[in-house]
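> Residues per chain, in single letters:
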Amino acid sequence: MVTCLGDVFYPEVGEKIVRLLRGLGVTVEFPAGQTCCGLPLFNSGYHAAAAAVARRTIGLFRDAEQVVVPSGSCAWMVKHEYPGLMTDPADRTAAERLAGRTHELSQFLVRRLGRRRFRSAVGGRLTYHDSCHLLRGLHESESPRALLRDLSGSQFVELPGSDECCGFGGSFAVRLPEVSTAILDKKLASVEATGADAVVACDAGCLMQMRGGLSRRGSRVRALHLAEVLAPEETPR
Amino acid sequence: MSESEPATPFRERAGQALRDSFLQEALTIATTKFIGLRREAFDEFPEGEALRDRAREIKEATLQRLDHYLDRLIDNVERRGGHVHYATTSEEARGIVLDIARRTGARTAVKSKSMATEEIHLNDALEAAGVTPIETDLGEYIIQLAHERPSHIIAPAIHKTKGQVAELFARELKRETVADPEVLTRIAREELREKFLQADLGISGANFGVADTGTIVLVTNEGNGRMVTSLPRVHVAVMGVEKVIPSMTDLAVFLAILAKSATGQKLSVYTSLVDGPRRGGELEGPEEFHLVLLDNGRIRQIAGPLREALSCLRCGACLNVCPVYRQIGGHAYGYTYPGPIGILLTAMLNGTESVKDLAHASSLCGACLEACPVRIDIPRMLIELRKDVSERRIAPWSERVVFGALGRLLQHPALYRVAARLARLVQRPFVRGDVIRRVPLVFSDWTRTRDLPPIAARTFQERWAELERAGRR
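Protein chains in written order, with the numbering used here: chain A, 233 to 469; chain B, 16 to 488.
Calculated from the structure, these hints are not laboratory results. Quantities reported herein were computed from a predicted structural model and do not represent experimental measurements. Beta carbons: idealized from backbone N, C-alpha and C, even for Gly. Mixed in with the good hints there might be a few duds.
Unchecked claim - A few chain A residues that face chain B, going by a derived Cβ cut-off under 10 Å, partial list only:
#1 A264
#2 T267
#3 H279
#4 V389
#5 L391
To be verified - Covered stretches of chain A, going by a simulated chain B footprint (3 or more residues, C-beta under 8 Å):
#6 244-257
#7 329-336
The shape of chain B in the complex, shown without the other chains (with noise of 0.2 Å):
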């Protein structure tokens, strides 16, 4: 299933964002935070532009034989007692994960952060099907408190101030808090805990699937996701098919730089490496391990204009650079995953269509490519995006009009003239000075904020005349 377009247009979500003022001086904070970290961490890190390139090759790699080493995964899985399952659909992953928990008779589930189960909206179906899901992350526990979707890959709460987070724990916890991140984790670890010792279902992502070692590699800050992945009597991980990996040699290198590029951390807190269900001997870990293998989309891009966008690692460091990000948030996207690489997730599993606005909400400044650890080259497959979008004529009839007259226009430098002159006539009511205040139609929406200069008197054409026979003197 796809997801669903949001109900009102891109403009007026982005228009929203902008006068939410809480939203805005969280934004600022956080993403400027991030910034810093991940430029302090490279900056202490020569070499990491040379794993950067190592990272993309082994990913580009990986891709060119998908097949073998998912084959590879999946026998190393199997081989270690875990069992691995195929999704074409969202759809068909949820059915795998709820007959699962039928199966076991699960009532209650813990979950990791997993932008994975985000993305074919798990939560909803396990809820509809009596199993009540509880996340595990600080950042998810309070937006699922609040009842919201992440607004960030990697810091799913990070629209909201502490004091908001205050305020919703004092009114769905029932408990007395101050607006201090230190206490507040505290309550939610308390809260949490219990959760975790009753759960019958721990449900994952997964960073990366090595195939070599058929281990299930999830990268964590809090130690929820070794909680996760151990206590509850089974463990679903659900994976993108893009997250194998050949080896843990390569493990090593994609170790190097993700915490960097997305926290400025030289390693996250936790990083668990899951090997399958408890052996004998073995103290803990789950009775059963299911791995989930999710296709959505994926594999027909690995020969589609958007195979790049295969190499992400989900690390949130174009979300922090962007500067439409940054002052819109990630709810405004409207679609599971935000961002630029949102932006061509969502049309990965979604398809054009549901980004031919989306595809625009970037001015293509590059700092999204610049910042990508395995170096994606974003704008680029967002103009692929809005070429698909102007070839199938979705645009809509004014943009087409507009830059179908454009392109004549600048074919054809008599009728360029004409224009100029033409425009040099229209503009005399506007002109105030040496500034135009105000305009109708097109480039009223430049005006409303923004001086617009007007047609020169003379273009630079009309001068070179007169500027050739005094270069000649």
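Just chain A, same shape as in the assembly (with noise of 0.2 Å):
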């Protein structure tokens, strides 16, 4: 699953990922005609639409044997709130079978695959956001780490204060934008303290608040998708 942001603003990112995951000997798959999980839909209260796309997204994805997302808010949503959303019981069974079998995509590789072991892309130092949907929804603040601290090629440094919110939350970053850049503002000084060349997150949503801060007030710091900083392995043949 691409997930909206993925799909029009980094797509680079998906491809990375289908690299990562085609080096590690997975098959990857991409069915046509996704478009977003529904969890802007959702979270603003537009819950008849978001279900409505959640029953599209649950067809789509029927036949995949498992399913890896790059982003915590968006396997958050399809893990958890899919469910919930679906009346009719037959749907219902399906999105939870669903739920069973999508994966975020740092989880993926270590607890699902077992990978843990990658060259860094990158290089320098880097340090490590937790995403909210993904530290307290997925309840995941390890296998990231796992993967980050054991890069060959690079160093990881903690961030103080990573479990904060980067001021992103959807629709609030342009409804409070104000307030929205506050907590951001925050953010960004914590990652620079670190001293670190990049911060390392695994949501599209965080990364593109943390960019979109980063570059306005012209840091050298990247924001970067963990995807971007493990290097994919030579495709076994």
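Both chains are given apart, each in its own frame, so use the hints to dock them into the complex.
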């Protein structure tokens, strides 16, 4: 599942994930007709529309063995909210099946494939921002850190307050832009204080927010998706 | 009576708060300290997690039979010589307290900190009736002198720096001061001591009402609660109906987690158990004790979407960890109860309409749920409120248009693809290098402070055919 932000803003992240997974011997398919998981609609209270989007998505991935999602928030939507949105029992069963087979990328690599040793594609000093949905929704803080700690060619440094929100929050970022920015400023000050060359996250929303802020302030620090720092292994022939 | 709507829109109020450098300083210091203390307290208390679950179970079980436990509480308070009153609305609650004041000829009332009396706007009513209310909690005393309202559930003057408090004391009390909390506390103490002795009426809230024994429990740190409930002739406690708990055994569970969540203390300095009026042979205590049970929208929610919020202990932990509260403080919310739980309580007391903007004052980061001692799923209920706003069509029309269009777009992939292509054309004049620095309309609120990524020259979907071929080779 590429997700809407991944599709239109960060297609190179999707490409990197495809190469990464193939390098690990995974057959990657991409069901056509994907749009968005529906989280923006759901979070803003438009649940009928969110349910319709969810029903479509469940259908698209009916035949997938495992579904890998590059954003913690979208994975959370599929895993935690899809079943509850379905009123029809058959739909609900399908939603629950999909929920069980859906994995956020870092979780898929570490918990599903048992792979945690990669070469760094970027080098330098890296820090990690916990995305709220991945951390408090999917209760995952260890998998991404395991990958970053073991990354050869990069150093990992903890980010103080890494569990604090970056201020994105979907439509929150434009409904209350001043508050969202104030939260972001605090986050970016912490990031810069670590001396890291890049802050890594597992959610396109946080990346859009942090990248937007970093580039506006002309910072030398980059915000990267996890997939951008893991170098793919040579494709086994 | 519901609370009146603030005069300025929420976004504006939040903006003012962000520009207030004193507020920013005070908030950062206080919330950071609270967060650290809370974390330490629970780190040292491994049984805390299980007790949090237990506390929630007790609250749930009590809500299941709230009428039964309230009956028991009423019987036991009356058996010990107290009087119990029931108020359906805040207006009724004010009326009850004013009646008691009138009947007992009260001229001044000392108060210990109580959000329930804030909720019913009791102080204004007392003043209008010629009774002078005197807040005796240090934080409440400060904001009463400043003619303000609490900006935090347990730290009402959290928005003030010590320098501001020193200036306030100098101006209002005509005393020489320095910006030293110890000196300031001593001054307040001296000022208040006399008031305690003169007051005819003591007014408190209640952290818990124990049904089995008819005991009202107050959790405080300054000892003022004890004086309010024992020195004046008459004591009135105003308690939300959801504060009843079955037994003293249950109380122990709550006391073990309440102060840790609120201030990081193992226990608060004082835990006062009030057992009604003074009885024969007792040396202290009031001649009369009144318990005012307050509904004010709570009972309706037992079967409503905000039911979980009835488990709230009013510890304030969710405020301290909320990234929004930490930036804007409590006053910007505009109602009695601030912060994430405050949005739910405001909706409970004043209806969904009152929070149609506030329901969006959250990035849904989930820190509140994690900090809540009884694990109230605040983010979920905020989403429920947003749903109510959208389904009742009380959101601004522009929002409804945008989300209506988004809904259609995401259900029809062909439309979605066309929109991406269209956006790519429209964005052209705005792209500078690999970012967009300024766009008009909807996203201008984004680009005022942040760059926006442009729609990629080729989306992932447009790249897939090639990627797929590469994979087959």
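> Does the closest beta carbon of chain B sit nearer than 10 Å to the beta carbon of A264 of chain A?
Where the cut-off is 10 Å and the nearest Cβ of chain B is about 7 Å from A264 of chain A, the hint holds.
> Taking the least C-beta to C-beta distance, is L391 of chain A closer than 10 Å to chain B?
violated (15 Å)
> Test coverage of the region 244-257 of chain A by chain B using CB-CB distances below 8 Å; three residues minimum.
Held - the region 244-257 of chain A has 5 residues with a Cβ nearer than 8 Å to chain B, which meets the minimum of three.
> Per the CB criterion, is T267 of chain A less than 10 Å away from chain B?
holds (4 Å)
> For the hint on V389 of chain A, does the least C-beta distance to chain B fall short of 10 Å?
violated (21 Å)
> Return the status of the interface hint for H279 of chain A: holds when the least beta-carbon distance to chain B is below 10 Å, violated otherwise.
holds (5 Å)
> Under 8 Å between beta-carbons, do enough residues of the region 329-336 of chain A, three at least, approach chain B for the coverage claim to hold?
Three-residue rule not met by the region 329-336 of chain A, so violated; n is 0.
When the structure is compared with the earlier hints, violations turn up for hints 4, 5, 7 and for no others.
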